[in-house]
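Participant: This is what each chain is made of:
Protein chains: 2
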Amino acid sequence: MTSEPLINADRLWTRLMALAEIGATPAGGVNRQALSDGEIAAWRRVIGWAGEAGLTPSTDAAGNLFLTLAGRDRTAPPLLLGSHLDSQPTGGKFDGAAGVMAALEAVVSLAGRGETPVRDIVVVAWMNEEGSRFAPGMMGSEAFTGERGMDAIRAARDADGISVGEALDRLHHAFPGMAHRPLGFAAEAYLELHIEQGPLLEAAGCAIGVVTGIQGKKTFQVVVEGAEGHAGTLAQQERRDALAAFAEVASALHAEIGAVDADIKFTIGRVTVVPNAPSVVPSRVSFSIDLRHPENAVLDAAGARIKALCQEKAPPCSVTVTPLVDAPSNVFDPRLRASIAGAARDQQHSAMAILSAAGHDARHLAKVCPAAMIFIPCRDGASHVEHEWAEPDHVAAGTAVLAQVLRELAFAPAIEV
Amino acid sequence: MTSEPLINADRLWTRLMALAEIGATPAGGVNRQALSDGEIAAWRRVIGWAGEAGLTPSTDAAGNLFLTLAGRDRTAPPLLLGSHLDSQPTGGKFDGAAGVMAALEAVVSLAGRGETPVRDIVVVAWMNEEGSRFAPGMMGSEAFTGERGMDAIRAARDADGISVGEALDRLHHAFPGMAHRPLGFAAEAYLELHIEQGPLLEAAGCAIGVVTGIQGKKTFQVVVEGAEGHAGTLAQQERRDALAAFAEVASALHAEIGAVDADIKFTIGRVTVVPNAPSVVPSRVSFSIDLRHPENAVLDAAGARIKALCQEKAPPCSVTVTPLVDAPSNVFDPRLRASIAGAARDQQHSAMAILSAAGHDARHLAKVCPAAMIFIPCRDGASHVEHEWAEPDHVAAGTAVLAQVLRELAFAPAIEV
Numbered sequence: 001m002t003s004e005p006l007i008n009a010d011r012l013w014t015r016l017m018a019l020a021e022i023g024a025t026p027a028g029g030v031n032r033q034a035l036s037d038g039e040i041a042a043w044r045r046v047i048g049w050a051g052e053a054g055l056t057p058s059t060d061a062a063g064n065l066f067l068t069l070a071g072r073d074r075t076a077p078p079l080l081l082g083s084h085l086d087s088q089p090t091g092g093k094f095d096g097a098a099g100v101m102a103a104l105e106a107v108v109s110l111a112g113r114g115e116t117p118v119r120d121i122v123v124v125a126w127m128n129e130e131g132s133r134f135a136p137g138m139m140g141s142e143a144f145t146g147e148r149g150m151d152a153i154r155a156a157r158d159a160d161g162i163s164v165g166e167a168l169d170r171l172h173h174a175f176p177g178m179a180h181r182p183l184g185f186a187a188e189a190y191l192e193l194h195i196e197q198g199p200l201l202e203a204a205g206c207a208i209g210v211v212t213g214i215q216g217k218k219t220f221q222v223v224v225e226g227a228e229g230h231a232g233t234l235a236q237q238e239r240r241d242a243l244a245a246f247a248e249v250a251s252a253l254h255a256e257i258g259a260v261d262a263d264i265k266f267t268i269g270r271v272t273v274v275p276n277a278p279s280v281v282p283s284r285v286s287f288s289i290d291l292r293h294p295e296n297a298v299l300d301a302a303g304a305r306i307k308a309l310c311q312e313k314a315p316p317c318s319v320t321v322t323p324l325v326d327a328p329s330n331v332f333d334p335r336l337r338a339s340i341a342g343a344a345r346d347q348q349h350s351a352m353a354i355l356s357a358a359g360h361d362a363r364h365l366a367k368v369c370p371a372a373m374i375f376i377p378c379r380d381g382a383s384h385v386e387h388e389w390a391e392p393d394h395v396a397a398g399t400a401v402l403a404q405v406l407r408e409l410a411f412a413p414a415i416e417v
Numbered sequence: 001m002t003s004e005p006l007i008n009a010d011r012l013w014t015r016l017m018a019l020a021e022i023g024a025t026p027a028g029g030v031n032r033q034a035l036s037d038g039e040i041a042a043w044r045r046v047i048g049w050a051g052e053a054g055l056t057p058s059t060d061a062a063g064n065l066f067l068t069l070a071g072r073d074r075t076a077p078p079l080l081l082g083s084h085l086d087s088q089p090t091g092g093k094f095d096g097a098a099g100v101m102a103a104l105e106a107v108v109s110l111a112g113r114g115e116t117p118v119r120d121i122v123v124v125a126w127m128n129e130e131g132s133r134f135a136p137g138m139m140g141s142e143a144f145t146g147e148r149g150m151d152a153i154r155a156a157r158d159a160d161g162i163s164v165g166e167a168l169d170r171l172h173h174a175f176p177g178m179a180h181r182p183l184g185f186a187a188e189a190y191l192e193l194h195i196e197q198g199p200l201l202e203a204a205g206c207a208i209g210v211v212t213g214i215q216g217k218k219t220f221q222v223v224v225e226g227a228e229g230h231a232g233t234l235a236q237q238e239r240r241d242a243l244a245a246f247a248e249v250a251s252a253l254h255a256e257i258g259a260v261d262a263d264i265k266f267t268i269g270r271v272t273v274v275p276n277a278p279s280v281v282p283s284r285v286s287f288s289i290d291l292r293h294p295e296n297a298v299l300d301a302a303g304a305r306i307k308a309l310c311q312e313k314a315p316p317c318s319v320t321v322t323p324l325v326d327a328p329s330n331v332f333d334p335r336l337r338a339s340i341a342g343a344a345r346d347q348q349h350s351a352m353a354i355l356s357a358a359g360h361d362a363r364h365l366a367k368v369c370p371a372a373m374i375f376i377p378c379r380d381g382a383s384h385v386e387h388e389w390a391e392p393d394h395v396a397a398g399t400a401v402l403a404q405v406l407r408e409l410a411f412a413p414a415i416e417v
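Line order of the protein sequences matches chains A and B. With UniProt numbering applied, the first sequence covers 1 to 417. With UniProt numbering applied, the second sequence covers 1 to 417.
Okay, chain A solo, but in the shape it has when bound:
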């Protein structure tokens, strides 16, 4: 370990707070939608800071922002690290932005030391991680890794009818001189720092989470169809009451799927009843299912059981179960995780292994290169809220760990895959 500081913690915090001014909400949060004027302004600010340290900006067809520190071998696959600059409509200062600024600070500090890495180092801000303006999210990393095609991505529209394609063209138009990279390139490794978005680090008093992986997620849309009737006249035994059937289905799902094991997460979060009038027997109930588990075998079995249970409990109503998201769990690279744990130990930060319950761009990067994530605590586990908060010490600790891992990789031979 080097004896001089790996990062400038004051500069990092000052820049992170300055970035939070762009799209600031009156309640102290941030509203910085993907491809908006706010995100364009955030790009300009970040590009300015990167430029002072000699990093070169570029973009790609998916609107990802890359800031490159040149290495000795420009043809070797670069190290990639970053997160995203977009936020939820009533989001906070840290979700995404902390990861981009941590990556930039680590690279700027390294560059400031005058050492030239063996390969390029690229800070990245992925386009539309949140998915709040254009659904679904993680568009930039999915396009980069070939998970989704650009035609489908460009066709998505926001609530005002503006397409991603139009918004992307507008973004690129705002940076006319910027170099365009081909979409997707081989990377040596990917690192991402993020706030935990959960309460575990705070509860354990740990500054650093060594993320083991991202738990798998399946979502479904279920529709129970019955028949409408007058609440005062239709005999109980003649009814095909969609709400009564839904209650049976939901009760059975919570009891069985919710009790698979201690790691399962089962949620019915959205319910729509038709016609939803007090004196009318409901004809239709549609509802969402969100199912998560770190082990894919358990997730798959639970997912299959959901459909069977719905069909078992819905009669005399009919039921249709439509799968939407099907994202298996992933396990982050063991060597990168060991490097993160080692750096935390060196720097005397308390650390623990932690599973990411939420999705991140790193999920997609892990399919194409060794990838890992560093979590830092956030107050009360709250995120996607305006009072989202991470302590300056934790932001600095996570960034210093990231900087140490980066430094080890930047001067090491290629990782054997």
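These aren't lab readings, by the way, just hints derived from the structure by calculation. C-beta: ideal position from N, C-alpha, C; glycine also. Honestly, I wouldn't trust all of these hints.
[To be verified] Label-pair ranges, simulated between beta-carbon atoms: (1) B:PRO323 with A:ASP169: 57 to 63 Å; (2) B:GLY28 with A:ALA262: 56 to 62 Å; (3) A:THR272 with B:SER163: 31 to 37 Å.
[To be verified] Simulated coverage check for chain A against chain B, where a stretch passes if three residues somewhere in it have a Cβ under 8 Å from a Cβ of chain B: (4) 234 to 242; (5) 253 to 267.
Go by the hints and put chain B onto chain A.
Facilitator: Positioned in the frame of chain A, the structure of chain B alone reads:
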């Protein structure tokens, strides 16, 4: 029984169809809201027909319309018969209007025969039975019977912010010369014809339903309170999931309350989930309960059990059960029911005893004088829909039965109460 026809069936049908032109919807239904221009126009048309037969219009503070045929003893309590002229927004031609036009036809036919009844006969159109513009309904009959005070009634507002008071003043302003009666007066008896709004008469092939009473009804608003959480991070055993608790409560209520006996009607018709987002554990579910039964003892016991079951099944969430409507069943006057059954028999119309599952103004009149109702079939049991339909023969049969009962009462000594 008289050998000449008791009513003019063609005139009745023609007038009923002419009335349906006021507020007619493109799909063949009627939208004639309480105290609207449509209801004012309907008043003018009905008052005109009544005037041709010598009936005198009057109103009261509650905006009820009275059309009086003078009897020999003007001080004796009059016979009262009628229904309502307002409709649901996508209502039909018969719900309410058939009862007013049947009453008018019965009285006009009687007057046309040149006979003077022993007491006044008053056709009534009650204000705001439906409760769709101003909630809740049955305002006119509740004010008439002293069930609700005029201050509370006048304060209710429609979706545009117009109060019942303002709308009532506007109605009265539209009929400047009309006499005002004091609110509420002693009546000798009350009779109301109505479409069944259910499938029983049609299924049994009966033209006449001798209504035994109106089943009791209780409604409740239930709120289940839990705690919001992230669907991906909050452990299942840590959750206070309001939707999971609702499913337990609703499932238990349907299973137990819905199976009390063959006459119970139990409906959860409206459900509101907060925040109702797929990836958020719901913090709050509020829902409506509509409970009906012809026997008050059963209704009361089931109502009490609802609260206990909610409290038993909701934990770890909390629950509050707020009673709203509490309308006991009523039994219509046995002598009037016998008169209706006898008239149907005389006229060779098939008839059956039937319980009203829906509420009617007669519910309130039955508290202050002998009251009864005649039901006629409606196609497929459908009402509150634009394709609501009653056959001309059934409208005529019900009106002729009403006319015979009216004639018997009009020349008989007072009913002993």
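Participant: Which hints, by number, does the structure contradict?
Facilitator: none
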